[in-house]
Amino acid sequence: MPWWTRAFATTERKERSVSAGALAWARLCRHRLAIFGGIVILILAFAAAFAPYISPYDPARSNLRLRFGAPSLKPPPDPRAFPRCTRPRGILGWPCGVHPFGTDDLGRDILTRVLYGGRVSLCVGFTAALGSTLLGGLLGAVAAYVGGWADAGMSRFTDTMLAIPQFPLLLILSGLLASRELPLAVHLSELLGAAKSIVVIVFVITVLSWMPAFRLVRGEVLSLKEREFALAVKAIGASPARIILRHLIPNAFHLLIVQSTLMVGEAILIESGLSFLGLGIQPPAVSWGNMLSRAQEFLYYPNGIYIALFPGIFIFLTVLCFNFVGDGLRDALDPRFAHRV
Amino acid sequence: MDPWGREANPPPGLVSHPRVFAFLVRRLLSAVPALFLLSLVIYALLALKPGDPLDELRFGNPGFTFEDYQRLVKLYGLDKPWYLRYWYWLGRALRGDFGPSRRYGMPAAEFIFRHRLPNTLLLSGLAMVAAFVVAVPAGVICALRPHSLLDYTVATLNFLGISVPVFWLGIMLIWIFSVRLGWLPAGSMGTPGLEAESGWAYLVDRLRHLVLPVFALSAIQMATWTRFMRSSMLEVINQEFIRTARAKGLSERYVVLKHALRNALLPIITLVALAIPGIFSGAVLTETVFNWPGMGRAIYDAILANDFNVSMVALMFISTLILLFNILADVAYALVDPRIRYD
Numbered sequence: 000m001p002w003w004t005r006a007f008a009t010t011e012r013k014e015r016s017v018s019a020g021a022l023a024w025a026r027l028c029r030h031r032l033a034i035f036g037g038i039v040i041l042i043l044a045f046a047a048a049f050a051p052y053i054s055p056y057d058p059a060r061s062n063l064r065l066r067f068g069a070p071s072l073k074p075p076p077d078p079r080a081f082p083r084c085t086r087p088r089g090i091l092g093w094p095c096g097v098h099p100f101g102t103d104d105l106g107r108d109i110l111t112r113v114l115y116g117g118r119v120s121l122c123v124g125f126t127a128a129l130g131s132t133l134l135g136g137l138l139g140a141v142a143a144y145v146g147g148w149a150d151a152g153m154s155r156f157t158d159t160m161l162a163i164p165q166f167p168l169l170l171i172l173s174g175l176l177a178s179r180e181l182p183l184a185v186h187l188s189e190l191l192g193a194a195k196s197i198v199v200i201v202f203v204i205t206v207l208s209w210m211p212a213f214r215l216v217r218g219e220v221l222s223l224k225e226r227e228f229a230l231a232v233k234a235i236g237a238s239p240a241r242i243i244l245r246h247l248i249p250n251a252f253h254l255l256i257v258q259s260t261l262m263v264g265e266a267i268l269i270e271s272g273l274s275f276l277g278l279g280i281q282p283p284a285v286s287w288g289n290m291l292s293r294a295q296e297f298l299y300y301p302n303g304i305y306i307a308l309f310p311g312i313f314i315f316l317t318v319l320c321f322n323f324v325g326d327g328l329r330d331a332l333d334p335r336f337a338h339r340v
Numbered sequence: 000m001d002p003w004g005r006e007a008n009p010p011p012g013l014v015s016h017p018r019v020f021a022f023l024v025r026r027l028l029s030a031v032p033a034l035f036l037l038s039l040v041i042y043a044l045l046a047l048k049p050g051d052p053l054d055e056l057r058f059g060n061p062g063f064t065f066e067d068y069q070r071l072v073k074l075y076g077l078d079k080p081w082y083l084r085y086w087y088w089l090g091r092a093l094r095g096d097f098g099p100s101r102r103y104g105m106p107a108a109e110f111i112f113r114h115r116l117p118n119t120l121l122l123s124g125l126a127m128v129a130a131f132v133v134a135v136p137a138g139v140i141c142a143l144r145p146h147s148l149l150d151y152t153v154a155t156l157n158f159l160g161i162s163v164p165v166f167w168l169g170i171m172l173i174w175i176f177s178v179r180l181g182w183l184p185a186g187s188m189g190t191p192g193l194e195a196e197s198g199w200a201y202l203v204d205r206l207r208h209l210v211l212p213v214f215a216l217s218a219i220q221m222a223t224w225t226r227f228m229r230s231s232m233l234e235v236i237n238q239e240f241i242r243t244a245r246a247k248g249l250s251e252r253y254v255v256l257k258h259a260l261r262n263a264l265l266p267i268i269t270l271v272a273l274a275i276p277g278i279f280s281g282a283v284l285t286e287t288v289f290n291w292p293g294m295g296r297a298i299y300d301a302i303l304a305n306d307f308n309v310s311m312v313a314l315m316f317i318s319t320l321i322l323l324f325n326i327l328a329d330v331a332y333a334l335v336d337p338r339i340r341y342d
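These protein sequence lines map, in sequence, to chains A and B. Note that numbering that gives the first Met the number 0 gives residue 291 to position 292 of the first sequence, counting from 1, and the numbers run on in steps of one. Note that numbering that gives the first Met the number 0 gives residue 198 to position 199 of the second sequence, counting from 1, and the numbers run on in steps of one.
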């Protein structure tokens with residue numbers, strides 16, 4: 000092909016249409032805070048997952064010679080104060096005896112506990128957010144699609160759920176499931192052992208926070224089900240379950256993604272608040288919230304502040320990053336919002 | 000038809016008011032069964048929770064025999080199934096008798112409304128006022144200079160505000176201002192024994208005790224409202240009627256304060272209305288950190304101590320308020336925006 004043809008051949012060049020996903024990804028990448036948040040969350044998740052390899056300590060083993068240790072990168076001068084380690088050195092070169100975040104009231108390494116606590120807190124956040132969004136989304140889609148009295152009844156029920164003061168109900172429910180007298184609760188503790196409080200918390204948060212997702216998805220599906228594609232699928236003879244699951248919910252998926260991302264932060268905050276009050280994650284398991292539950296007692300001790308400072312910073316940072324990512328995702332997936340907030 | 004050929008429409012507000020009134024009545028009526036259902040569910044959950052109101056007596060008093068326990072169980076009707084107890088409770092509650100608090104030795108309603116509600120109103124009310132007073136100007140200023148350095152700073156602060164765990168913020172505030180600097184007290188409502196002092200010293204002491212909890216409690220609301228105010232103001236400020244007002248030669252100050260702000264405040268008013276029940280329900284985390292004897296703490300203690308009557312009266316009071324303010328917010332919307340139809 001001679002150069003003049005090539006120079007003017009605009010029609011011959013391959014036109015590649017950009018998919019909606021690629022567009023959204025490009026918009027997300029422009030949101031610098033969302034990228035920052037995503038990277039931090041990934042680092043935290045990896046650090047939590049590989050906690051036993053990163054840290055040389057056992058998160059539960061106390062060391063009464065080294066209570067309220069200050070954060071330092073040098074091992075203690077007194078060899079008797081050395082903790083008993085599970086390994087001489089973590090994979091990132093963290094030697095036994097060094098406490099970068101100090102030690103708590105029982106001489107346990109705070110950074111190690113933060114890493115192990117991150118496993119529980121992040122898991123609770125992810126599962127509860129996923130559960131509540133799916134539950135709310137599914138109920139909302141069904142209510143909107145079926146319509147009539149089912150819709151009216153479910154919407155009323157949602158309004159009533161929203162009218163219940165949330166925190167007291169969280170307290171009642173977690174107290175109920177933590178008891179040793181209720182047959183269901185006893186069965187649960189036999190089944191799950193030390194992890195029971197984690198499952199209970201996830202369940203309680205899920206049951207009490209599906210309402211926003213219900214409202215979002217119901218509103219979206221109400222308008223979606225009147226569109227041509229939905230009518231066409233119906234005309235072909237697809238079953239209601241298929242229409243809802245394969246056609247309506249995927250089209251409302253961007254709402255679910257944003258809602259679940261923001262919900263992770265929310266769930267982590269709820270979990271930490273409950274654990275702070277002593278009703279959430281129970282002590283053999285570590286979470287950021289229950290590390291804080293007795294922290295206020297030690298404010299007047301020398302170096303006592305670090306017990307409160309570090310777990311709180313990690314809750315703060317994680318929730319902040321999930322909010323950044325959620326905000327970025329909303330801008331990216333729902334362009335109507337992009338210029339508003 | 001008027002001389003310009005338009006349909007003569009009566010002002011919409013006048014037409015919609017009777018319908019809004021009917022809507023209000025219907026919503027209020029439909030809230031009644033919801034409240035009954037709610038009370039049933041809450042009572043059932045409380046009753047199913049292990050333990051009973053006598054636990055504290057039983058474990059706290061060595062002279063308390065099993066016979067005493069059985070006698071009291073019979074006396075208080077705790078041997079009856081929960082639905083019967085609920086039925087008795089409902090009958091008495093409808094006559095205004097919410098039963099005694101076994102823990103505090105006074106009627107549950109008196110304990111909640113006289114001893115706890117005023118404290119919570121003071122703390123949460125001040126926090127809400129503080130949040131509103133800061134959020135509205137901050138949101139307006141950010142909307143007037145979008146994408147400026149100030150706007151980004153405030154946006155960052157907002158993100159921090161909605162992400163911070165409130166109890167941790169409280170602990171950090173106590174550590175900085177009370178433990179390290181020693182400027183402010185670490186908790187409780189006032190220095191004991193100062194009630195007898197002169198009015199001024201007492202007032203200053205009470206105010207000093209309020210500073211930290213009010214700041215901690217208002218952080219989230221401040222952040223959310225600032226964000227809403229900014230986006231609401233941005234939407235209004237780009238509309239035609241603002242351009243018209245500017246074109247008329249009105250001063251920028253007048254345009255912003257009289258034309259834009261009034262319209263931009265409407266969505267915020269709804270948010271504020273929906274937040275008002277929160278003033279009454281208190282904040283258990285903040286009250287726990289600052290040792291503030293308020294509603295949130297009272298409900299928490301009552302639930303843990305199985306003090307059913309106190310939990311019920313407090314929870315029902317708050318639920319009623321939430322339902323009521325939800326309805327009021329909808330009605331306020333109708334009064335403000337005639338385009339909304341109710342049928």
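Simulated from the structure, these hints should not be mistaken for lab results. These numbers come from a predicted model, not from an experiment. Keep in mind that a hint or two might mislead.
To be verified - Chain B stretches covered by chain A per the calculated footprint, using a threshold of three residues with CB under 8 Å from any CB of chain A:
#1 42 to 49
#2 160 to 166
#3 237 to 248
Positions of the beta carbon are idealized from the N, C-alpha and C atoms, including for glycine.
Counting residues of the region 42 to 49 of chain B with a beta carbon closer than 8 Å to any beta carbon of chain A, are there 3 or more?
Answer holds; 5 residues pass the 8 Å Cβ test.
Within 8 Å of chain A (C-beta), three or more residues of the region 160 to 166 of chain B:
As far as the region 160 to 166 of chain B goes, the hint holds, because 6 residues have Cβ atoms under 8 Å from chain A.
Quick one: see if chain A covers the region 237 to 248 of chain B, three-plus residues with Cβ-Cβ under 8 Å.
This one is violated; 0 residues, fewer than the three required, reach chain A with a Cβ under 8 Å.
Checked against the numbered hints given earlier, the structure breaks only hint 3 and satisfies all the rest.
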